[in-house]
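These are the residues of each chain, in order.
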Amino acid sequence: MSDALIFDAVRTPRGRGSQRGSLASLTSVDISAQMIDALIHRNHLPGHDIEDVIWGNATQIGEQGGCLARAVVLMSELDDAVPGLTINRFCASGLEAVNLAAGQIHAGEKTGYIAGGVEMMSRVTMGSDGAAMAVDPRIAMKMAFVPQGISADLIATEYGFSREDCDRYACQSQQRAARAWTEDRFKHSIVAVHDINHREVLAQDEHLRPETDMAVLAELKPSFADMGEGMPGFDKVALLKYPHLEAIEHVHHPGNSSGIVDGAAAILIGNEEFGAPLELRPKARVLSMAKVGSEPTIMLTGPIAATRLALKRANLEISDIDLFEVNEAFAAIPLLFMHEFGVDDEKVNVNGGAISLGHPLGATGAILLSSAVEELERADLSTALVTLCVGGGMGVATVIERV
Amino acid sequence: MSDFHYQKEADGIAVISWDVAGARINTMTRESLRELASHFDSAFSDGKVRGVVLTSAKKDFSGGMALDTFHQIRGQEPTEEADALFAHIMEFHQIIRRIEWAGRELKSGRSGKPVIAALPGTAVGIGYEIPLACHRIIAAKNPKARIGLPEIKVGLFPAAGGTARLIRRLGIEGAAPLMLKGTLLSPEKALAANLIDAVAEPDELIEKAKEWALGAEPEDIVKPWDRKGYRMPGGTPYSSKGYLSFMGACAMVSGNTSGVYPAVNAMMSAIYEGAQVPFDTALKVEARWFSKLLMEASSLNMLQTLFLDTKALEKGARRPATIKKSELKKIGVVGAGMMGSGIALVSAQAGLEVVLIDQDLNAASRGKGKIEKLLAAQVKRRRVAESETRHILERIKPSQEYETLSGADFVIEAVYENPALKGEVLARIDRSVDCMIASNTSTLPISDLAKSCQTPSTFLGVHFFSPVDRMRLVEIIRGKETDDAAVALAIDFVSRIQKTPIVVNDARFFYANRCVIPYLNEGIRMVGEGVRPPLIENVARQCGMPVGPLQLVDETSIELAVSIAKATKSALGADYGHNDADEVIFKLASLGRLGRKSKAGFFEYSETGHRLRLWHGLGVYFPEATPQPNAEKVRNRLLMIQALEAVRALEEGVLTDVREGNVGAILGWGFAPWSGGPFGWLDGLIANQSVLSLCDDLSRQFGERFVAPKLLVDKATRREKFSVH
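Protein sequences appear in the order of chains A and B. If you read the first sequence in the working numbering, its first letter stands for residue 1, the second for the next number, and so on. If you read the second sequence in the working numbering, its first letter stands for residue 404, the second for the next number, and so on.
The hints are simulated quantities; they were obtained by calculation from the structure and are not laboratory data. Among the clues, some could well be false.
Capping the alpha-carbon separation at 35 Å, the derived lysine-lysine pairs in DSBU-like fashion look like this [to be verified]:
#1 A:K142 <-> B:K584
#2 A:K241 <-> B:K990
#3 A:K241 <-> B:K1036
#4 A:K347 <-> A:K283
#5 B:K714 <-> A:K142
Chain B with its partners taken away, still in its complex shape (with noise of 0.2 Å):
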């Protein structure tokens, strides 16, 4: 099968085309990469060729390596590993050498040919580092087109020559922080950037490209690097100026990464020895860094969860299959407070007509002038054109009538967590429309909020995060009488708004929130045990969790934790217990001390609001005990609650799919993305069959809730991992 057209036209330039077949998008291989040198080796050899365009027949160039294919290199020859992953990964260099080189040769005095990079659209990771290798790359001017290299976004470095040549074009204070980050860039951007050489119109992309190639000149198609007396700009690690910029490098990475991510650390090595040596052998060095990357056991977890898992889901991994496919034109969202008004924005921004409702017109249009604030801040992020938010705000109609909602393909009620006046209000929006409903909520049971529905079976819930317009979860809650279709209509609507759903059976708290709520409480037991404040919060962001649990707990209020703790308490009656937590909170609130609402909380904050220091009176009222806990203990913790949780959700039946488990918990908690999720990281401990013990060592300190569940037991007891890769 062939990946790439290869035309020789009559100006003597080879075009060759990727075009996978049957592919929206091109992908790299190792079968297309050799493919690919196959026909370069045919217009080197051509004496009739006079120089080579690289573009591709499809609207992108390409979206990079097909991300799959790790997990077979990986496990090809498992005896000799790092043997096989290093040549696998030599063998790309050598081939993207070959290109470079252009069959130019020293000895004989051969020039090469031109080699041109002619990118119609998005070119990222291998999809911008063969480019690299060429000798110039030109660019349509693409708004939608994105160039760069993002692999560290899933756990991995560029390493087709990705850090070698980009710090050579560009330096390593230009390179490093574009790949650190995994920035994206449009054309224009990566022009004045210099990432690529050109721009220009799309119809004349080839044209141009064929132009530089038959008026190249000799010292056009020797890269920098291949010169004689090539310096990297800004010089190396070990020059006056590179040397303290790399010393900041390394000080901001590990203190925005605390060292987790194992794939960042491998980067910056591979930057700091491959830019102290020659090209060639800074080529061996970005592959054995990134072998040993391929070979580290968690590694892959984060590909897994955060590329695979989540491009599954979000092209319907758990949607009913049997169920036609719904095109969603009009939605109606009732309740036009921060959750409504969010949900009516995104649904806008995918092309829906929505009429928000509230009670009366007023309330109503408030709710609309929050949106163009939302999307006024979108617009200075330059996430949305300024142009279109006239469009997108037309398509939104508040209105206080539920006949308006009438013709509605779906309907999400999105008024306050009570559940007298959301049954109200589901009623009436039942009595106006005969499409699905559901119900934004993140505390209330669906099957019980279904009773105000005719047909239980077409109602459901819909879980959205805060703040909707940035948070990609959105978790759909099955009721015991939800039906295949609206959950399948739920997915399309979420898809439709390019948000990723997991899909959960309805029990208290769902499941994100039935695992935040143990580590906020986790943190606050933590406090009335006198752990120094600090330590908590520190050792939770040295972990990966975005916010510490003292903090989450101001942000979301003490009132709220004070009331999920006593309705909790009401519901589970007799079989709630004791809970150290619910000392400090109550302790807290008691105080006035409610949270960052109150400009008080576990945090002191300036008038303004601004979260100043950890407030000194805890010390006071829950004084520090002797000895301390080792970072390590707390870490366990933090993270061993979390977890213990998903897979008790997962026993339940709560969670169905371990996928979901770990995808819903990265984006929709923050959990420590290094691990690929919670069963990412207890499959790591599985396989250290240290996991148990650590269950048991943690039970005995600090209660029950540390039991490691059956089905985690039994997990381990046949070493078995929870994920299925």
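Chain A extracted, bound-state conformation (with noise of 0.2 Å):
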């Protein structure tokens, strides 16, 4: 078995997910050729020795449907020969995307992939792509869906993680995030953003901010008391899987959620004999990656599951790990993860997360690679795992090793 080697990863400032975002004037297909086209440029890559572009993304419909991929190899400079495919596996998109070619790097070839994904959450609405799983009767009735934040919220009434849990965590994903900013420690995976001429758009996060303290977050609101309690009623719909609970307690709002953001990730993946000819250094090497299937109605503990395949798979012990990325969905994510596996604060989401500096559905997944990389080198640590909870009831996960 070949080695799947990372040898550059990129990715865009997150733009506010909304008409005011600065990165809401571009197209999806823009943003995401402007980070293949920076991977092209930063490690001399010929244009046509891609093995195939796979790119992730959870709302395929409109500017972001018919095959987003082959849309974005041909915008970018990549020659016409590279062909392009696009997944969906929602929020770990951007992650299956640099598995399925680390996967297929594995086999052996000569191969370099491009792998990453992008959703331009100001431009194609969440959840307008439609879903089966959430309104035929067959299954929404079947799995009892609801919505992720009552899910999320699920999650916290299950494990008894407090409002005042949930908001501590955020604050200090705030921090974290500010810190890093201040710096720099995204210097290498950052590429600012330009429009058709070559005039900067956006260069920095914008979502993140940084004066959150407890009393701010005290002062919001729950986001999904409503449509628990009151109309449609979704709590009645968990607590048929879940009757044990009395009731759900809703402790997640805008501030101790993922941010809806705009972004786009690649990633540039390969094996040894592919790199070596084009002078590449390698950054990380894949050890394993797992993902799995998990209760639909609570949803989001996927990485759980995934966390213990891949270290099996890659035979370590969680105390192997040296950095934990574990998506920051919703706040009792991370502190579900610390909890089942009781590893130390001080290891996850030493930057910042999606709560701070948005979740950008589909690209997410490469996104904490990203930074995960990044973060191994300038911490001078060993190993990484990123994990992340997704939609219907999955999870995905990935080890990977400084190298």
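Bring the two chains, given one by one in their own frames, into a single complex with the hints.
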């Protein structure tokens, strides 16, 4: 088996996911192509020598529909001979794209891939592509479908994470993100986005609010109480599966949940035979990967089983991992992760995460991986594990090792 | 035999009048529908016919399908059941579709003929689905008429094009709630809700219908969904608006039904899938889901119990046949408390003269005051017209004089549940009248109370459920010496007040309470065992019980539970045995937590008595056990304990008819209606051969009360159902 080596990782700054956001005037294809072109320029890649572009996206409709990856290739400086594949594993699509590439690299041939993802949440509304699992009675009523926010609140209730726990976690995410920017910890991976006239549009993440404190967060109204307790009453649906709970505590709000943002990320990954002739220096190697299905009503516990499986496949213990990126879809998810594995808070999401910086669904997996690669180098650490919870009850994890 | 009259009139309108011979109301069968098709074919092929009016010669249009035909449909060709059922339903669709197209042909460009449904009165089920396929629906302004699709209430869904047409007429958001609740509307309200197109004075109905048919334009006789570019109002499940509302609908329905009603799920799928395809494909989808529903073992249990058996009992299936039906005019109610006033009210609403007696005129008048409040609430809910209330109240005469009972056809004693007081009151009634006498009691043996009457043969029990004006069931208890005439009169009375009678023999707690008490106790026992209280309450409601056992104990009061436990213990003596539930209720009672009335029980309550949450102290006195049972185990315990008690009641002869056991359970204490009653539920377990092993498991783990009674063992061994259908 040949090693899957990460040669480079880039990402856009994350723009606020509304019309006031800095990236909102650019298309999904455009910012994706800019990341691919950045990889080409930084690594002096010939435009034809890429096996495939695998692109994650969670809302494949409109400009993000119709095999987005191929559109990205055609807009980028890559040769037309490079194909494109768009995939959807919801929030983990960007990581799954990398894992798919890694799996194919493991199979042997001399080969290199560009894998990553994009989500322009300001332009293509989350959920606007429809989903049978939410509305087809044969699924929705059978699996007891509830929206993710209800699931996150269900996790908090089931595991006893209070509103204060979640808010405290959110404040810390903000502080860590602010520190990362102050100390320029994203300098290798961040690539400024430009418009067609080469004017800079955005060079810094713009979702974060470093001034956030407990008092500010305490003011915020829970986001999912109305749909849970009032109409249409999702709490009752969740209790069908969790009847030992009397009620669901609605602890999540915009301040301790992931931010809606625009963004893209791209990873250059290949084997030794691909990198050597181009004189590419590998930064990290993929040790193992896993994807799992998990109970779909509570939905967001997948990272637990995915992590266990990825560790087992890498023949590692949880204590062997130096650094964790656990997607902050909601505060309860990293809290659950630390609770289940007993890992030190100082190793988890050390430079902030989706709560402070935002969660461009299809891109986040690749963003987290880029952050992990950069932090391993910066802090001189060896191993990192990246994991994300996924809609519909799934989880994806990847373990990497610095080379 | 002909179910329709066909009349071609001078103005060129063919009038098809539905008139099933010998029936009070028209119901539909496959044969009737074929006949109807032939009349329409005649009209469409007759060059002189310019339009068709479909109406009824009876005061109502139709009560829907003849529901007893479903068992036949299902039983016809068991080997190719799915094919046969699908073909059967598709034949209905094809016939109704032919009416809808009305002779129109696309190829030749031949236009169709206007078809208008003229509804003189009630039109429900297929009796409204056929009008939905007509080009226009006009209804008489008949305040008694009801229009809509109530199929869901008996465990079915509208499958003669009902889902396909109503969602296309009203949009999913408008149509789905009507079909999910089985809402029926008066003609005025049906017009406002766009279920029909026009109303007319009753004597102008046919004339107005003809007028429309004669003036109809070509575009009037093509249904919207048969026009080019038709779009469903409000959008399909994947339009931006439809998506969110359908997601909400799935959640609401799941939350309300816990997924235990197969008809609800089947209808939701028929709507969801049918909304995304052209009309004729939607009919196919609807037929497929309806076939599947009819093939599910449990699907007809609800229909059997809630419709066929209930109707049979209401029509006097258990009435001693040789006794002449009595026409009641005047009744007496003694005891003007909550139950007595309720009984007086429902009797007066049925047109009976009522004497309402209490110990003094003040107390009796207070009873009438309660009745006025109940009536006002009914007016508010629009169940009674305000103009009627005066007449109803005039029929109720409060009094303290037993002499005013004279001339009564039936007297019901409804004083407090105290044997001495009841005995005294019954003796006074007995001295004042020579008609049949009944005691409304929920706990006292009838044969004991009978001793207060000179002729015990004319005495029996009638057990009303609270609140009397809302609960449909009345348990009639036959004492040891009660004769047939008394039972017949009691049934006549219950029918007169439009409630559903079951007749049971005299034994402790009769039938309903006998089965409810073990349900409460099982819930209480689990608390004692350390099962998490929310698990008990949630699972109870999720398996279809209207109220969890702990909430029900709080409502009926923990004090009452304590006194019942003590009374039962003293009655049974050494046979009583140890009961884990007692420890829990004695503990709560000792802490002053007496239930809702003391604003503290298994639940916590606000100052105003509003139920807030389960009391956290339960976990202190009865620490949480590990591991916790799974939901299925809790569900099996809660349902089985009731069902086994029902079997014992049957075995001991307290219950003598399985239909009464099922109907009484659902109407009396709300036993999981989807199951068709405790015997319906057991029949399902007998069919899949799991009942005895389930009882074995439960009795090994939780005690002898789960040992299957001999009757159940025999039935299960022979794989024989309790129900006769």
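Taking the hints in turn, this is what the structure says about them:
1. This hinted pair checks out: K142 (chain A) and K584 (chain B) have alpha carbons roughly 21 Å apart, not beyond 35 Å.
2. Between the alpha carbons of K241 (chain A) and K990 (chain B) the distance comes to roughly 31 Å, so the proposed pair stays at or under 35 Å and holds.
3. Between K241 (chain A) and K1036 (chain B), the direct Cα distance comes to roughly 14 Å. Compliance with the 35 Å bound is thereby established for this hinted pair.
4. Our distance criterion of 35 Å between C-alpha atoms is met by K347 (chain A) and K283 (chain A), whose separation comes to about 20 Å.
5. The straight-line distance between the Cα atoms of K714 (chain B) and K142 (chain A) is roughly 34 Å, inside the 35 Å bound, and the hint therefore holds.
In summary, this structure violates none of the numbered hints.
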